[in-house]
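Undergrad: Each chain, letter by letter, is given below.
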Amino acid sequence: MALPAGLSRKLGKLLGPQWVDKDPADLLVYQSDGLTLHAATPDVVVYPETTEQCARIIKTCASYGAPFVARGAGTGLSGGAISDGGVIIQLSRMNRVLQIDHRNRFAIVQPGVVNNYLNLQVRPFGLEFAPDPSSQAACTIGGNVAENAGGPHTLKYGVTSNHILGQTVVFPDGSIEQLGGTFPLAAGPDFSAFLVGTEGTIAITTEVIVRLTPLAPSVKTMLATFPTVAGATESVSAILSAGVLPAALELIDNLCIQAVEAHLKAGFPTEAAAILLIELDGEESEIANESAPVEKACRQNGATDFRVAQGEDERQQLWRGRKHAVGSLGKLSPAFYTNDGVVPRSKLTTILSEIYRIGSKHSLRVANVCHAGDGSMHPLVLFDPTTADGAARAMECSEEILLACLEIGGSITGEHGVGVEKRHMMNRMFSARDLEHMARLRTAFNPHDLLNPGKVLPGGATRGEVKAGVSIPGGSWI
Amino acid sequence: MEQNLLQECIHCGLCLSSCPTYLVLGKEADSPRGRLALMKAIEDDQLQGDNTGAFAHLDICLGCLACQTSCPSGVQYGHLLEATRGYQYVNDRQLFGLQKPLLKIIASPTYLRWLSRLARALQLIRLDRLLIRLPILPRPVRSQLAGLPKIPPQPFTRTAPSDFPSAAPDGQRRGRVALFTGCVMDHWYGTVHAATVRVLRWNGYDVVLPVDNHCCGALHSHAGDHDTADVLLKNSAKVFDQIEADAIIINSAGCGYQLAEKQWHCATGAPVIDICVWMAANLHHPPQTRLGQRITYDAPCHLFHGQGITREPLQLLDAACQNMLPAPEAEVCCGSAGIYSITQGHMSQQILDRKIDNIMSVEPRMLATANPGCHLQLQAGLRLRGANVDVRHVVEVLDLAYQQDDSYRRTFGIV
Amino acid sequence: MKHTESETTVDWPATGSAIAPKNRTEAATCVRQASIDEVSIGGPGATFGWDLRRLDAVISFQQPDMVITTETGITLAELKDMVEEKGLWLPLDSGSSSAEPLAELLMHGGGISWLSHRHGMPRDWVTGMTVLDDHGNEVVNGAKVVKNVAGYQLTPLYLGSHYLFGPILEITFRLLPLPKNITAVRLTANSPAPLLDFIDQSRTPAGLAGAGEPWEGLLLSKRGSLWELQGFSRMSEKGLTALLPTEAKYESVDLMDAQAPPREQAPGSAGSRLTLQTLPSQVRDILLSPEVNPYSIYCYPAAGIIHLSWEDEHRTSEPLLQRLSGSAARIISRQTPFNAEQIISSAFPAAIAEKVKQALDPRGVFGPLVVGQ
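Chains as they are written, first to last, in the working numbering: chain A, 1 to 478; chain B, 1 to 415; chain C, 1 to 373.
Extracted from the complex, chain A is given alone in its bound form:
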């Protein structure tokens, strides 16, 4: 789509020409976020520094009828931050922590603050921002808000929506609104909470008030080895049934273990069919009370080895293996496709055997890392991008896996969002009426569909076609 003449000049006046990119080399790098199967090139990228600049950019774009998309670090895995033509509002320069109130346990940050960076700032006060997506070293708080990001520790501490107290946002008409505040609770309807997870299709977040959570006084990380996948999945239920709520409860299957050990040497047993990484946190006596039932649950379900990480180094090593598990897969396969289905916890065994069955039906290898405690699956479909139909077959296989998740009462996405990637599957999960109900809100606040068009909800204006067929699909944090 050609950009209206004069728009980029106006934007240049607003921000200074160095903060308006429109050369091919500058735009090319914005073709995809963490998901490279979908690519689209914007016409202009702008880099505002303040809420007011964002509002003026949006007003300018709106007056030209040009679509616009907010983008953080571009680590998303559903193509939510790509723009086919139009303007990308890149928020990386809005990266300041504005206030930390450790007594009242909140912080006010700009949206471009990196999740990990915020945590480094608040840790000296014994606090943390609890959502910990595996991309936390790079992903931004604004992106976490847009996607309602999760992570391994959300099992105990909840997802992003549980940790946002308020926001300053700019609506597609350029109006600025401050929502919520620093009080820890909001009794009535909460529009800021509603905005969390709307994937930047209702408003653009330019400031966030986040809840901070006290760090646990002690942590214990355990690794249980299983000769069968079912043993591991059954243990998950057994642990939770024993009344233990681990801080994290992760499952990694053999193929993923192979990749990690080939690359990182995290100390995962390569002969295991699956391992569980279990982390308990809390007061020492509390952890002591919980360890025995956890070990018992694993042993009763056939764990051949149960090991407690000795010291912080070993713990970090295990987590590094987990957090880089997907990245390591690059060593086993030139390409893979990352999925994000969810199933009820009791259906873990069922879905995993279903996933392996679907994989072999398509003659594709599928590796699994899951936030097992949440029933949140990340099947990774390995494929060869050099064959003509490699990517297409991987996508077909993935779609079948997601349908299997739906069939047993799950969801097509637990963490990564719908974006452009799963838009066509929304009507498999929701009825037309359900979707219409959601769309009413988008129409109310984004009436001309200028803000992040063609995302999340099927129907509505789709600007241009999203191109498939880039050779390297991505995604490493899950």
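Since the hints were derived computationally from the structure, they do not count as laboratory data.
For every residue, glycine included, the Cβ atom is placed at its ideal position computed from N, Cα and C.
It is possible that part of the hints are untrue.
[As the list claims (entries may be wrong)] Over 10 Å on every C-beta distance to chain B, these chain A residues come out as not near it, computed from the model:
1) 10
2) 51
3) 66
4) 102
5) 120
6) 174
7) 218
8) 238
9) 258
10) 271
11) 285
12) 292
13) 306
14) 331
15) 349
16) 403
[What the hints assert, rightly or not] With a cut-off of at most 25 Å between alpha-carbon atoms, the simulated PhoX-like pairs for lysine-lysine come out as follows:
17) B:40 x A:22
18) A:331 x A:296
19) B:234 x B:104
20) B:262 x A:331
21) A:156 x A:13
22) B:40 x A:331
23) C:86 x A:156
24) A:59 x C:355
25) B:238 x B:262
26) A:265 x C:355
27) A:296 x C:355
28) C:180 x A:156
29) A:13 x A:59
30) A:10 x A:22
Using the hints provided, position chains B and C relative to the given structure of chain A.
TA: For chains B and C alone, kept in the frame of chain A given last:
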């Protein structure tokens, strides 16, 4: 270029927040992931034959390799960057006006000597002090002048004997090592060499200095001038062929990385080991009193990211200082990056500003590092900021701790 | 009220009374009929209210899935009994009348309790819901699994909306394992100061490792002249005892091990009520101020919620309000202790509320949006 190596990037973006230019500019094209996409675009000719825009972003890459540390897929970014720059160096010789003459000066002992004399002359008549304060001079130039150490009249190897016997307090001799004296280190940072020699001797090692050891070609490799680098690497290998030693000790992180990366070795097969690693393993006589002043450490990229030497410098500083305080972003580049501070002076200074903010947030009296480029850059940043912070090589800090001991000072004739 | 005699299938009761459908179909019929008859059901200012007590089915409850889906006519207490029997826990307390159906609690912004500083509010535990839209259609939002980001989550708009966008018929909560080895504590003192000291001390992170949040539930109250702190924790009795300052400022200390977490007991009724919200760090100032002295106090100190009540209808709250005017505190309710009265707040400004109302109920089937008080 190696298409396969480019394919290893899965576009996850985990590298973004580790990249100094991305931290300053916030632009994808100035991030490692963006640069890999641009390398691919150049390779596949996606930019309709006009690669100038893409090269501009590759040029302001520091080559600090922080992205390699954060990459979950093990993408060999440094390798890819040097390959692209080699392509660029051959195809577009006019890219920087300054780059080639500078590299020539460094490659030649004679030219470097003249440059050093010029700098020394400036310092003797105190013209450098004046120039630093001249606002009309571009800041990168003032920064270079401010960062220069006090240039000695002669390179270290010209004044020192070629063989030092061990001088351990217990009289025990533990081995014999050679010192890779290099170019800039030898001409400008003789004090670091002197400290290195003392510390080694005090811990029981004979130290041999090579004759006519010069540049290892690290800066040439980074710039893509692979032919010159090869010649320089070969020349430095010859120098060590005749020297019998347990190890070749190196006290410049950039050179250490170059030698490791190019699998450099001499005929004797003696391993090249960074002074920090060697001393951390062989600190047979730790200082008896530790230094009291507050100190922080800034990790040279080619030590931390390039060679994965992360703990040893801290171990040594711990042995030498009571009051070690980590500064934020200590493993992020200072903007020196070899001749980058000259060829990309503006960007370099922006990165340096952020670095100095971080360092000053812990209010140190002394700052330790382990590479001549960083040494100069950090000292420049601190001086221009008016901060009274002494920049020292880690081994110098260790030496200072030893110097609190009379017998150490007596042994080495320090008054 | 206009009645279209021929078509109607609903016999409308007297204006101002509540519609009590016996099942979901009937509820849907009422909404359809209401739009024909130009009456409204739901929000403040509507012709009728909702009474959903007869929609009390448990739709699904699989213990290993740790989620429960029920209709909203059952009470929170009933729901909690049900899940606790299976070793699970919904960390919400009603803090008010236990006879109130879930629908009322959710719609009136209830569910702020002594657990809230740690476990948040109902919206933090809802994963999905079924609502009636303005055409009387059942609409599903969210999912019945614990993690789901497919589409927009409308729960935060519906909870606390006073039925303004329609009733929630069915709701899914995620659950926790029922904590075992709970230690409950009760301290009494003649002044709030030592109790507040204890709270601060127990909640201040000690160094880098952090202290965690020791309290699952925390409640400070004053009746007559006696102050009482009630709390319960996952910490051991030994751990909690270690936090107690040694000076004997307390009148009494009770520490007891309990198997299951205790429930919050709502305070007895009083004449007039006022609920304040403030930052946790300001609670001390307010509680120690002479202006609050005459009141009975019921406070969630870690959540910044202070509820004041007094028997004497005629007592003026002027001095207190004057004191608060300069502080960060705000009044969230003047009547019922734990429910938000107002739909409009900083989290839901009027302009936005109007747009949402226009989107979800343009014809006002669920009553008019009344902005301002």
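Undergrad: All hints, please: hold or fail.
TA: Hints, one by one, checked against the model:
no.: 1; hint: 10; in the structure: holds, 20 Å
no.: 2; hint: 51; in the structure: holds, 16 Å
no.: 3; hint: 66; in the structure: holds, 20 Å
no.: 4; hint: 102; in the structure: holds, 18 Å
no.: 5; hint: 120; in the structure: violated, 7 Å
no.: 6; hint: 174; in the structure: holds, 22 Å
no.: 7; hint: 218; in the structure: holds, 23 Å
no.: 8; hint: 238; in the structure: holds, 31 Å
no.: 9; hint: 258; in the structure: holds, 15 Å
no.: 10; hint: 271; in the structure: holds, 24 Å
no.: 11; hint: 285; in the structure: holds, 32 Å
no.: 12; hint: 292; in the structure: holds, 35 Å
no.: 13; hint: 306; in the structure: holds, 27 Å
no.: 14; hint: 331; in the structure: violated, 7 Å
no.: 15; hint: 349; in the structure: holds, 29 Å
no.: 16; hint: 403; in the structure: holds, 26 Å
no.: 17; hint: B:40 x A:22; in the structure: holds, 19 Å
no.: 18; hint: A:331 x A:296; in the structure: violated, 35 Å
no.: 19; hint: B:234 x B:104; in the structure: holds, 17 Å
no.: 20; hint: B:262 x A:331; in the structure: holds, 24 Å
no.: 21; hint: A:156 x A:13; in the structure: violated, 48 Å
no.: 22; hint: B:40 x A:331; in the structure: holds, 20 Å
no.: 23; hint: C:86 x A:156; in the structure: holds, 19 Å
no.: 24; hint: A:59 x C:355; in the structure: holds, 19 Å
no.: 25; hint: B:238 x B:262; in the structure: holds, 15 Å
no.: 26; hint: A:265 x C:355; in the structure: violated, 55 Å
no.: 27; hint: A:296 x C:355; in the structure: violated, 54 Å
no.: 28; hint: C:180 x A:156; in the structure: holds, 16 Å
no.: 29; hint: A:13 x A:59; in the structure: holds, 14 Å
no.: 30; hint: A:10 x A:22; in the structure: holds, 13 Å
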